[in-house]
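**Q** Each chain, letter by letter, is given below.
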Amino acid sequence: MRRACGFRGALAFSAALPLSGCTGDLSALDPAGPFAAAVADLWWLMLAGAAAIFLLVLGLFLLLLFRPGSGRRVSPAGWIWIGGVAFPLATLVALVGHGLMRGEYILGLAAGGDPVEVEARGSMWHWDFRYSGGARASRGVLHIPVGRTVVVTATSGDVIHSFWAPRLGGKIDAIPGHAATVRILADRPGVYGGVCSEYCGAGHEGMVFEVHAHPPEAFEAVLAGLPDEGEAAR
Amino acid sequence: MTRRSPSSALRLHRELTAIWATPPGWGRLKAVNHTTIGKRFMLTALVFFAIGGVLAMLIRTQLATTQSAFLDAAAYAQVFTMHGVVMMFLFAIPFFEGLAMYLLPKMLGSRDLAFPRMSAYGYWCYLFGGTFLVGALLAGVAPAGGWFMYTPLSSATHAPGINADVWLLGITFVEISALSAAVEVLVSILKLRAPGMSLTRMPVFAWYMLIVAGMMLIGFPPLILGSILLEAERAFGLPFFDPVRGGDPLLWQHLFWLFGHPEVYIIFLPAAGVLSTVIPTLARRPLEGYEIVVAAVIAVAFLSFGLWVHHMYTVGIPHVALSFFSAASGLVAVPTGVQVFAWLATLAHGRPRFSVPMLHVFGFLFVFVLGGLTGVMLAMVPFDWQAHDTHFVVAHLHYVLVGGFVFPMLAAAYYWLPHIFGRQPVQHLSHAAFWTIFIGFNLTFFAMHLTGLRGMPRRISTYPPEAGWETLNLVSSMGGFVMTTGFALVALDLLLLAVFGKPFRRNPWRAGTLEWAMPTPPPAYAFASLPEVPARADRLDPDRLGPALAAGKGYLGATRHGWMEVLGVDMVSGRPEQLVVLPRRTSLPLWTALATGSVFALLLFKLYWLALPALLVVTALFLLWTRDCGLRTDLADLPVGHGPDLPHHYQSERPPSYWAMIFTLAADATLYASLLFGALFLWLSAPGWPPGLAIPLGAFTAAAVAAALAVAAVSVRSADGGTAGRLCVAALAYAAALVVLVAFLADIRGAAVRHAAVASVFAVTSYAVLHVAVGLVLSLFCVWRVGSGHVSARRDLDLRLARLWHMFTLVTGLAATAFPFVLNVLTGGAGP
Amino acid sequence: MNANPFFGLFAVWIGWAGGFLLLYGLQATGCRAGWDGDMIGPISVLRLLLVAATAGVVLVLLALWRKAGREGPASSLARIAGLANGAAILATLCFAGVLWLRMCT
Numbered sequence: 001m002r003r004a005c006g007f008r009g010a011l012a013f014s015a016a017l018p019l020s021g022c023t024g025d026l027s028a029l030d031p032a033g034p035f036a037a038a039v040a041d042l043w044w045l046m047l048a049g050a051a052a053i054f055l056l057v058l059g060l061f062l063l064l065l066f067r068p069g070s071g072r073r074v075s076p077a078g079w080i081w082i083g084g085v086a087f088p089l090a091t092l093v094a095l096v097g098h099g100l101m102r103g104e105y106i107l108g109l110a111a112g113g114d115p116v117e118v119e120a121r122g123s124m125w126h127w128d129f130r131y132s133g134g135a136r137a138s139r140g141v142l143h144i145p146v147g148r149t150v151v152v153t154a155t156s157g158d159v160i161h162s163f164w165a166p167r168l169g170g171k172i173d174a175i176p177g178h179a180a181t182v183r184i185l186a187d188r189p190g191v192y193g194g195v196c197s198e199y200c201g202a203g204h205e206g207m208v209f210e211v212h213a214h215p216p217e218a219f220e221a222v223l224a225g226l227p228d229e230g231e232a233a234r
Numbered sequence: 001m002t003r004r005s006p007s008s009a010l011r012l013h014r015e016l017t018a019i020w021a022t023p024p025g026w027g028r029l030k031a032v033n034h035t036t037i038g039k040r041f042m043l044t045a046l047v048f049f050a051i052g053g054v055l056a057m058l059i060r061t062q063l064a065t066t067q068s069a070f071l072d073a074a075a076y077a078q079v080f081t082m083h084g085v086v087m088m089f090l091f092a093i094p095f096f097e098g099l100a101m102y103l104l105p106k107m108l109g110s111r112d113l114a115f116p117r118m119s120a121y122g123y124w125c126y127l128f129g130g131t132f133l134v135g136a137l138l139a140g141v142a143p144a145g146g147w148f149m150y151t152p153l154s155s156a157t158h159a160p161g162i163n164a165d166v167w168l169l170g171i172t173f174v175e176i177s178a179l180s181a182a183v184e185v186l187v188s189i190l191k192l193r194a195p196g197m198s199l200t201r202m203p204v205f206a207w208y209m210l211i212v213a214g215m216m217l218i219g220f221p222p223l224i225l226g227s228i229l230l231e232a233e234r235a236f237g238l239p240f241f242d243p244v245r246g247g248d249p250l251l252w253q254h255l256f257w258l259f260g261h262p263e264v265y266i267i268f269l270p271a272a273g274v275l276s277t278v279i280p281t282l283a284r285r286p287l288e289g290y291e292i293v294v295a296a297v298i299a300v301a302f303l304s305f306g307l308w309v310h311h312m313y314t315v316g317i318p319h320v321a322l323s324f325f326s327a328a329s330g331l332v333a334v335p336t337g338v339q340v341f342a343w344l345a346t347l348a349h350g351r352p353r354f355s356v357p358m359l360h361v362f363g364f365l366f367v368f369v370l371g372g373l374t375g376v377m378l379a380m381v382p383f384d385w386q387a388h389d390t391h392f393v394v395a396h397l398h399y400v401l402v403g404g405f406v407f408p409m410l411a412a413a414y415y416w417l418p419h420i421f422g423r424q425p426v427q428h429l430s431h432a433a434f435w436t437i438f439i440g441f442n443l444t445f446f447a448m449h450l451t452g453l454r455g456m457p458r459r460i461s462t463y464p465p466e467a468g469w470e471t472l473n474l475v476s477s478m479g480g481f482v483m484t485t486g487f488a489l490v491a492l493d494l495l496l497l498a499v500f501g502k503p504f505r506r507n508p509w510r511a512g513t514l515e516w517a518m519p520t521p522p523p524a525y526a527f528a529s530l531p532e533v534p535a536r537a538d539r540l541d542p543d544r545l546g547p548a549l550a551a552g553k554g555y556l557g558a559t560r561h562g563w564m565e566v567l568g569v570d571m572v573s574g575r576p577e578q579l580v581v582l583p584r585r586t587s588l589p590l591w592t593a594l595a596t597g598s599v600f601a602l603l604l605f606k607l608y609w610l611a612l613p614a615l616l617v618v619t620a621l622f623l624l625w626t627r628d629c630g631l632r633t634d635l636a637d638l639p640v641g642h643g644p645d646l647p648h649h650y651q652s653e654r655p656p657s658y659w660a661m662i663f664t665l666a667a668d669a670t671l672y673a674s675l676l677f678g679a680l681f682l683w684l685s686a687p688g689w690p691p692g693l694a695i696p697l698g699a700f701t702a703a704a705v706a707a708a709l710a711v712a713a714v715s716v717r718s719a720d721g722g723t724a725g726r727l728c729v730a731a732l733a734y735a736a737a738l739v740v741l742v743a744f745l746a747d748i749r750g751a752a753v754r755h756a757a758v759a760s761v762f763a764v765t766s767y768a769v770l771h772v773a774v775g776l777v778l779s780l781f782c783v784w785r786v787g788s789g790h791v792s793a794r795r796d797l798d799l800r801l802a803r804l805w806h807m808f809t810l811v812t813g814l815a816a817t818a819f820p821f822v823l824n825v826l827t828g829g830a831g832p
Numbered sequence: 001m002n003a004n005p006f007f008g009l010f011a012v013w014i015g016w017a018g019g020f021l022l023l024y025g026l027q028a029t030g031c032r033a034g035w036d037g038d039m040i041g042p043i044s045v046l047r048l049l050l051v052a053a054t055a056g057v058v059l060v061l062l063a064l065w066r067k068a069g070r071e072g073p074a075s076s077l078a079r080i081a082g083l084a085n086g087a088a089i090l091a092t093l094c095f096a097g098v099l100w101l102r103m104c105t
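Chains as they are written, first to last, in full-length UniProt numbering: chain A, 1 to 234; chain B, 1 to 832; chain C, 1 to 105.
Don't read these hints as lab results, they were simulated from the structure.
A few of these clues could be false.
Label-pair distances were calculated between CB atoms; the ranges are [said to hold, decoys possible]: (1) R66(C) <-> L814(B): 27 to 37 Å; (2) I662(B) <-> L63(A): 43 to 53 Å; (3) L55(A) <-> P503(B): 18 to 28 Å; (4) S132(A) <-> E466(B): 56 to 66 Å.
Yeah, the Cβ is synthetic: ideal placement off N, Cα and C, and Gly gets one too.
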């Protein structure tokens, strides 16, 4: 994906932005697991389709403007029913169906056996992570095993926050009174960035965290070495 | 009755001007004319646009470099919140309202809108409310929780200052103007048209505005309800959104976006209406696919109410539910595509000429198509899980709103400014100004897509160097300053037009719509006489019609009694059915808006016991408006210049005010339905349910109120000798219901702050109290009208309007008394 | 159609909006009540209910379409109504997810 990103990204953006690539600690276009990759793939697909549609519509407009009469052969009803109804309807039905299939994939994939359950609790302005029902806990760093689906349950004790580790999967809002989940998955060890992506007051930009993905056996050891939640909060 | 045929066009012009024109000096404060009010709306909106633009510059300055120390996080929060608030509520909506007010009567062949004083009142509410919000920014107490004001960040716990109250009260104050404009536009389009202009002969812009106004009528009440509930939570502790006490922050999100998404289309559709008017003129061919375009606009209107949850894909709603919204968000692109291809078809079969408005049409198409495409991307659930709340969304929404509103409005400006000023553009700067805006805009926001995908969340005030977002942000900031320069050039260009532009005879674009069949700048009365419309009203010949109308050869080509006369037509066929006599200019709208503003100011400073008398002053002032309305004697039908004589609207069966009442009640019913659904939503979704305390049922209250409302509703049947007596019975019944309901409210007040279930009962009962109180006022008002001789068997309009209210109050009141019992059953019957 | 022209224009869309609310409400209520866990064969009670409700909505919309289409002559307004109503029928595609998507997660 990294290579493809460089290639297609350069194609898409090189005219305007020669200095930018699309890799980075928080880049959703530099996936480090199947969930983020599924979305990044979807993005490249949609980008290609969007570019084609954009060029088509703009091209038609400029053609009609600068070559008057060039569109007369198609009747007005033809223009409207083909360009305005049939084409978008077919494209959109296909795209929405495809998007929902990807969603089902992300919601359903249980890589490496039973998913690991962790709780991410947002507070102004830091993240606390609880493992095994609170027996183990960490602040600011989330430890996960490589190759195994992790179900993150987001909660909050004050205002709405949002848990987002872009290279591993989508985001989920941490809403007081609710406990919604998001699934993340890393397919290689490493340190991945995470941010709060829902505005939560003056400390919003500082509410960052890291996700440390460990090989499975190392993960058990790291987990065993973590304090319980009372100690972790100190 | 004196009725003279005019000896000349000039004499008719003098007579009509004396009747319709706004006097100079202080008399300007009495203006109610649609041309004047429309221009004021647009000019004021442009001032707010400039303010919003300055705020945008502050944002771009802050984000241009990493670890910027230009603004601190708290100040930055006020700046980005107010940028959104100003652009959405104080620029976009009022600007198109002003444009619609200015254009609609002229395009429809009428002389003014149906309720000129309401337009003036709406304008003053907008001006005062907007000033109030911007004043708060200058005082450093502007709202700081984002323009969307999510709770609990905006709750009393986390936002203890008055900042959030400024938003809730200020926006609600401004929304008065949006709702009154919606009713006004609906009734004006449906009833005040030229004879012969059936619905399907209307210029397509009128169809767009008809549907937009309907959307506003249904879209704004959920926002107003949300604001009221949140203010009630902040001020009185009723916990609608507090998860600890049975409330739910998600309720706010649903109410906000139930307004917020249709809002985007409410802003886009008027602009699309402009394009559907301008493109055919420039292509020298009437719009292709008029019928399918109207059907497409209807489809957009309904679909736009079925996609609000696409702002909430990341709150944990199950996939199947998200799929409804995802599919609707995708499908809404189809009717939009229909419109785009109808424009292309018009160009294909026309003989397009390139001109400055067409340049902006190009700007629209380029930018809006990109915005639409990213919109479809964001409608895909998994992609949104990544892109939501990043700068990708910032880029998308600016492509949609600038593409879908600002560029079309610039096209509109270059197209209609000759109409407003009677001068044609100088053209030296127009092209340079367009390209500066266009290049600046794309520099700013194209880069931002990538910034977002590379992980930059929205609303952060600083970012670290290692994030790798600096180059992109710097490009965006530089682009922003280029774009601002472009807007400054446009302002200069338009100023040059107004001062140095060349005057012209008539209809410079060779358009086929009626607004060009009048002198420019337009006289206050618009048409000296009203045209008969024999064909679709974008295929007329203004050059031939104009002189004939000016000579008084159409309908109403003479003055009588100094009346401001227009024709009321059958909604569908456009057959004339009544003579509508509009009320004269007055400063009452200004005073009423000032009094309304004082109510909001008193609420802001928590002076509740003063707010109540201020509310009574507002009511009294509104009642004073009716002094100019109505007749004291039965009139015979009146001649209108052509065709059969017509009844005065006060004696007609369905005058404009009747429809205004119907539409107002529709908005009111939407608010009530939102409230009831809101309570059900809490039962379904909020933590802390079922409540640990008993839901107060008030069986006696329910029975007493139901009986009283029924008595009130049946007391007033027809106008005869006993009417006043029956009205007094109705008033007494209402008074009794009011006492019982207020006692019930006092009784449950303590429990209402403990759990949202009881708070919901409190809110529903309060709604009933408000309606019963208005019913009481209306009954007494009718007694007064009977006494002052305004009511007879032929003149029973006041009674019929009041009766609509009474029936509505009966139905909603019965629902309110049943509500606690329903809630009690749902929560497992914990009640006493 | 003269009796109430706006019925012809908006009827099917209003039905669509009502159906939308019904299905969204039914889904939320069903998840809260745990009907997605009650299975009839391989299919959950909630899915059966939603599919049945969707079918009901589509039938009602088709009936409204016929009723709206029957009224009045073939005027321009009737053609607009026909197009708008047809679009509303097409928009029931929005509910296709009830056949195959996850119910409560």
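**Q** Mind checking the hinted window 27 to 37 Å against the Cβ distance between R66(C) and L814(B)?
**A** holds (34 Å)
**Q** When you take the CB atoms of L55(A) and P503(B), is the distance between them in 18 to 28 Å?
**A** violated (43 Å)
**Q** Take the C-beta atom of I662(B) and the C-beta atom of L63(A), compute their distance, and say whether it sits inside 43 to 53 Å.
**A** holds (48 Å)
**Q** Confirm or reject the claim that S132(A) and E466(B) have a C-beta distance inside 56 to 66 Å.
**A** For S132(A) and E466(B) the Cβ distance comes to about 33 Å; the hint is violated.
Violated hints for the displayed structure, listed by number in ascending order: 3 and 4.
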